[in-house]
Amino acid sequence: MGTILLIEDSITERTIITDFCKNLGINVTVATSGEEGLEKLDGNHPDVIVLDVVLPGKSGFEVCREIKATEKTKAIPVILCSTKSSDMDKFWGKRQGADAYITKPIDQDIFNSTVQQFLKS
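In our numbering, the protein residues as written are 1 to 121.
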């Protein structure tokens with residue numbers, strides 16, 4: 001059905017999100033840091049990027065900004081997923097170029113509908 005690049009440092013969250021994706025028939029490539037995620041984008045073009053905000057090294061906000069500023073990757077939808085759930089966090093995520101913002105703990109129905117929305121576009 002599609003491919004997702006999941007950039008998430010928490011093994012628990014990676015497992016949950018990977019399971020959600022596999023249930024939808026989506027292939028998942030995993031990166032555990034922002035830098036690794038950006039490296040995996042070199043030569044690969046996932047349909048959607050699911051990106052944690054709090055990461056070792058570059059934050060998800062910084063990674064999102066880089067993705068959206070790069071010609072080859074700027075059209076890839078980015079879904080930020082974070083425990084940071086204030087309106088300001090969501091606003092800031094959108095300002096960095098995120099196409100959607102989902103708060104943790106992740107609701108499977110919200111995750112599924114958000115991902116499917118971008119896979120159909």
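Possibly wrong hints are sitting among the right ones.
[Stated by the list, open to error] Under the rule of at most 25 Å between Cα atoms (straight-line distance), these lysine to any residue pairs were calculated in the SDA-like manner: (1) Lys84 / Lys104; (2) Lys94 / Thr83; (3) Lys58 / Pro77; (4) Lys72 / Thr15; (5) Lys84 / Val28; (6) Lys94 / Phe111; (7) Lys94 / Phe118; (8) Lys72 / Leu119; (9) Lys74 / Thr32; (10) Lys72 / Glu35; (11) Lys94 / Asn44; (12) Lys68 / Arg14; (13) Lys72 / Lys104; (14) Lys120 / Asp19; (15) Lys68 / Glu13; (16) Lys94 / Val28; (17) Lys58 / Leu24; (18) Lys104 / Gly43; (19) Lys58 / Asp99; (20) Lys84 / Asp107; (21) Lys94 / Val54; (22) Lys72 / Gly97.
These are calculated hints, taken from the structure and not from any lab test.
How the hints compare with the structure:
1. Pair hint Lys84 plus Lys104 holds up; C-alpha atoms about 8 Å apart against a cutoff of 25 Å.
2. Restraint check for Lys94 and Thr83: satisfied, since their Cα atoms lie roughly 16 Å apart, inside the 25 Å limit.
3. Proposed proximity of Lys58 and Pro77 is supported: the alpha carbons are some 19 Å apart, at most 25 Å.
4. Using a Cα cut-off of 25 Å, the hinted pair Lys72 and Thr15 is violated, with the two alpha carbons roughly 28 Å apart.
5. Distance hint between Lys84 and Val28 is fulfilled; the C-alpha atoms sit about 24 Å from each other, no more than 25 Å.
6. Note on Lys94 and Phe111: the hinted pairing holds, with a Cα-Cα distance of about 17 Å set against a maximum of 25 Å.
7. At most 25 Å may separate the alpha-carbon atoms for a hinted pair to count; Lys94 and Phe118 meet this at roughly 16 Å.
8. This hinted pair checks out: Lys72 and Leu119 have alpha carbons roughly 18 Å apart, not beyond 25 Å.
9. Proposed proximity of Lys74 and Thr32 is supported: the alpha carbons are some 21 Å apart, at most 25 Å.
10. With a CA separation close to 17 Å, the supplied pair Lys72 and Glu35 stays within the 25 Å bound.
11. Pair hint Lys94 plus Asn44 holds up; C-alpha atoms about 24 Å apart against a cutoff of 25 Å.
12. Distance check on the hinted pair: Lys68 and Arg14 sit about 23 Å apart at the alpha-carbon level, within 25 Å; holds.
13. With a C-alpha separation of about 29 Å, the suggested pair Lys72 and Lys104 falls outside the 25 Å cut-off, and the hint is violated.
14. With a C-alpha separation of about 20 Å, the suggested pairing of Lys120 with Asp19 holds against the 25 Å cut-off.
15. With a C-alpha separation of about 24 Å, the suggested pair Lys68 and Glu13 falls inside the 25 Å cut-off, and the hint holds.
16. Taken as a hint, the Lys94 and Val28 pair is honoured in the structure, with Cα atoms around 24 Å apart against an allowance of 25 Å.
17. Annotation: proposed proximity of Lys58 to Leu24 is violated, straight-line Cα distance about 29 Å (limit 25 Å).
18. For the suggested pair Lys104 and Gly43, the alpha carbons sit about 30 Å apart, so the restraint of at most 25 Å is broken.
19. Note on Lys58 and Asp99: the hinted pairing holds, with a Cα-Cα distance of about 19 Å set against a maximum of 25 Å.
20. For the hint linking Lys84 to Asp107, the alpha-carbon distance of about 15 Å falls within 25 Å, and the restraint holds.
21. Simply put, Lys94 and Val54 have alpha-carbon atoms about 16 Å apart, close enough for the 25 Å limit, and the pair holds.
22. About 15 Å separates the Cα atoms of Lys72 and Gly97, which keeps this hinted pair within 25 Å; it holds.
Comparing the model with each numbered hint stated earlier shows that hints 4, 13, 17 and 18 do not hold.
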